[in-house]
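S.K.: If you read the sequence shown in our numbering, its first letter stands for residue 1, the second for the next number, and so on.
Incorrect hints may appear among the rest.
To be verified - Straight-line alpha carbon distances no greater than 20 Å define the calculated DMTMM-like cross-link-like pairs of lysine to aspartate or glutamate that follow:
id	residue 1	residue 2
1	K56	D183
2	K606	D572
3	K5	D117
4	K149	D195
5	K182	D234
Stated by the list, open to error - Just the calculated beta-carbon pair ranges, DEER-fashion:
id	residue 1	residue 2	range
6	K577	K336	32 to 40 Å
7	R9	N95	52 to 60 Å
8	E315	T74	16 to 24 Å
9	R223	F189	23 to 31 Å
10	Y358	K474	30 to 38 Å
11	E235	E22	42 to 50 Å
12	E42	V316	27 to 35 Å
13	F189	D40	21 to 29 Å
14	V316	Y358	41 to 49 Å
Read the hints as simulated data drawn from the structure, not as lab findings.
Beta carbons: idealized from backbone N, C-alpha and C, even for Gly.
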Amino acid sequence: MVSLKSIARKSHFSIPKDATVEDAIDRMHKNRGGCVVLLDDEDIPVGIITESAVIKLLNSHLPTCTPALDICVTKVITANENRPIDFAFDFLSENKIRRFVLTDNDQHFAGIVMQEDLFDYLEEDVYKIDLKISDIVIPGQKLVTIGGKASIEMALTLMQKHGIGSVLVGAAPYAEGIITEKDIIGLAFAHVSLDEKVSAYISSPLATVTRKDTVTSAIERMRRGGFRRIVVVDEKRRCIGMLTDRDILRQIRGNYTRMLQSKIRHSQEIMDMLPEAIIEIFETSDNQIVHWMNRRAMEMFGDRFIDREPKEMFEVKDWDAIHASLSENSVVSGYKVGIDDMVFEISGSVSLAGNNRYIKLIFKDVTIHETAKRDLRARIDEEIDKRMAQEFMLMQQSKLATMGEMIGHIAHQWRQPLAQLGGIFMNIDAAVMFDELSPKEMKERIRQGNMLIKYMSRTIDDFRHFFEPAGKRKPFDLHLYVENAIQIIQASLTFHHIVVDFRRDQSPIHITGYPSEFSQVVLNLLANAKDILVERHISKPRITITTEILEEKDGRKRARLIVEDNGGGIDDAHLEKIFDPYFTTKGNKKGTGLGLYMSRLIIESKMKGTIHAKNGPQGAVFVVEIPKE
C-alpha cells in the first residue's frame, strides 16, 4: 500500500514561526508550491501561508517585514504521513483545499501534499474513461479579464475581490496572456513595483485546450508547463472557461470510485474460478462484515455467514489472531482453523478501495492432511508408550540384575568382618573356659565387635542410598559419587587384587542430574572392567579413573569421566554393539546385556550427556561427558 509520505514535498516548504512575510515569499518562490508552513521550536506546524494571503498583504500595501504569523491561517489541516494515497482524494474534496500538511506520529512536520501530486499516482484509465473537457468545464463560466495597460496592483485587487488565483490579460473574450498568484509571488520576490504594467509580466502565449479535447491532454499540458490552470477556448480562440487542477480532481474522484468498483467486480469474477474458497470482509473502524464469498466458499459454507461478523465463522481466539496479524503485517499466512469438522489453512491480505478497507481470506482445505497427521501422531504416541513400557521393563530387569550383583558385593564386604567377629567369639569362649577372661579384656572384645558391627551397618547404608529412587534433577559433586561407587565394589576388587587408581583434582566438579543413577553408571563400568580382568587372568590388573573439565569455544563447559582398564580391550566386532540391549559376551549365566544399555539411557536421556567406548593402548576406555550447568 503506497503511503502519502512517498509523494510528499518538504524542501523549502517551512519557515520558523517568528519569520517575516518576506521570508515566506522567498520560500514560496523557491518551492513553486504556493504555500509555506510555519513551525514552532519542536517542528510542529502552527500555521500556513498561501499565495492568497500574500496577495492580500501586498494589495493592502503592508510592508513585507510584517511577521508571517500575522497573515497566516493558524488552523492547519493535517494528515498522518502513513495514510494511503487514496485517502487524499476525499480529504481534499471534503475540506475544499488544494493542499494539506503531513505530520509524523509525533505531530512533527513531514511535508506537503498538493493536488497536482496525485496525477502522477493515478492510473491513466481513471481519467481516460470517455472524459472530455466539455464534461468538466462549467457552461457560461464568467472569466475575469484586465487590460494590458492596467497595473499589477489592479490585478491584485481583482484577485482579492473575486477570490480567484488568476486574471486573464487582454480584450475579452480574447486574451493575450494570464497573470497568476504564483507570478505575483515571483514579482514580490524580485521587488517589482505594483505600479508596473501587468502586460510586461504575464505568461504568454496562453496554455489552452478546446471543449473537444480530452482531460488526458489537459493534464499532460499542465504537467509539462507546471500550470495549475488552463484556459478553455472555442474554435475561434475565444476564452470560454478556465479549468483548474481542482476541477479535474473533483471529476476524477467520481471516475476513480467507479473504476475501483469495476476492478473489484472483475477480480471477484476471477476469484470465482479459483478452486480455493475465498471470502471478503468489509472493515470499518469498529466492525467487520463478511460481505462476499466466491463460488467455492458458497459450496462449502452456504450463505449463512454472509452479512455476519467473522467471529460467527471462526472461534474468537482464531479471529483475534488472524486480525492481529493483518493489522500488524497486512498479511496472514498458514494459520490453521477448524470449521464444521474441517481444517483449513488461512492466508490473506488487506487492501483498500478508495477509503474502504477489505480483507480477503483464502481457505486451503487441509482436512485430509491434518487427519493423516493426527493418525500418525497417535501411532507415534502409541509406539512411544510401548517403548517407554519396554524401557521400564528393561530398567526393572537391570535393577534386579544389579541387585543380584550388589548381594555379591555385600558378601565380599561382610566376609572379613564376619570372620573377625567369629574370631572374637572364639577368643571369648576359650578365655571363659580357662577362666582367663578379665573384665578389661571382655570390654576390649566388646569394643572390637561393636566396631565391626558399625562397619557392616555403614555398608548397608551405602547400598541403601545407592538404590534410592531418582527424584528431581539436582546439583551434586561428581567426585563424591564416583567414590561411592568405588566403595561399594572395593571389597570385590580387593579380593581379586585389582588396583583402582582414581586420578582427580582437589577441586570438586559439580554437575546437575540424578546422583544415584550416575553412581550406577560408574558401578556398571567398574564391574565390567573387573569381570574382564578376572576372566582374562591379567597379572597386574588395574582400573584407572580420570576426571577433567573441558571448555568449548563458546564458553560452555563439560565434565569428562574416563574409566580405563588394562584388560586388552574390546573385540572390534563387538565395539559397535556393546550398548545394545541384551548384548553380552559373558554368556547367559554371567551377564544380562542390560548394564551398558541402561548406562547409555541414563547418561544420554537423563543427564543430557554422551557415553562411548574405544580401545586404548592397554585395554578398553569408556568416556562419559556431561554438560556442566
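S.K.: Are the hints correct? Go through all of them and say.
M.R.: Verification of the hints:
The hinted pair formed by K56 and D183 meets the criterion: a straight-line CA distance of about 14 Å does not exceed 20 Å. This hinted pair does not check out: K606 and D572 have alpha carbons roughly 28 Å apart, beyond 20 Å. Taking the CA atoms of K5 and D117, the gap is about 12 Å. The hint holds against a cut of 20 Å. With a C-alpha separation of about 11 Å, the suggested pair K149 and D195 falls inside the 20 Å cut-off, and the hint holds.
With a CA separation close to 26 Å, the supplied pair K182 and D234 exceeds the 20 Å bound. Here the CB-CB span from K577 to K336 is close to 44 Å, at odds with the stated 32 to 40 Å. Distance hint check for R9 and N95: the Cβ-Cβ separation is about 18 Å, which falls outside the suggested range of 52 to 60 Å. A hinted range of 16 to 24 Å is violated for the C-beta pair E315 and T74, which are about 51 Å apart.
Under the hint 23 to 31 Å, the C-beta atoms of R223 and F189, about 24 Å apart, fit the expected range. Between Y358 and K474 the beta carbon distance is about 59 Å. The supplied range of 30 to 38 Å is therefore violated. At roughly 46 Å, the beta-carbon separation of E235 and E22 lies within the given 42 to 50 Å, and the hint holds. Roughly 43 Å separates the CB atoms of E42 and V316, a value that falls outside the hinted 27 to 35 Å.
In this structure, F189 and D40 meet the distance hint of 21 to 29 Å, their C-beta atoms being roughly 25 Å apart. Take V316 and Y358: their Cβ atoms lie about 22 Å apart, and the range 41 to 49 Å is violated.
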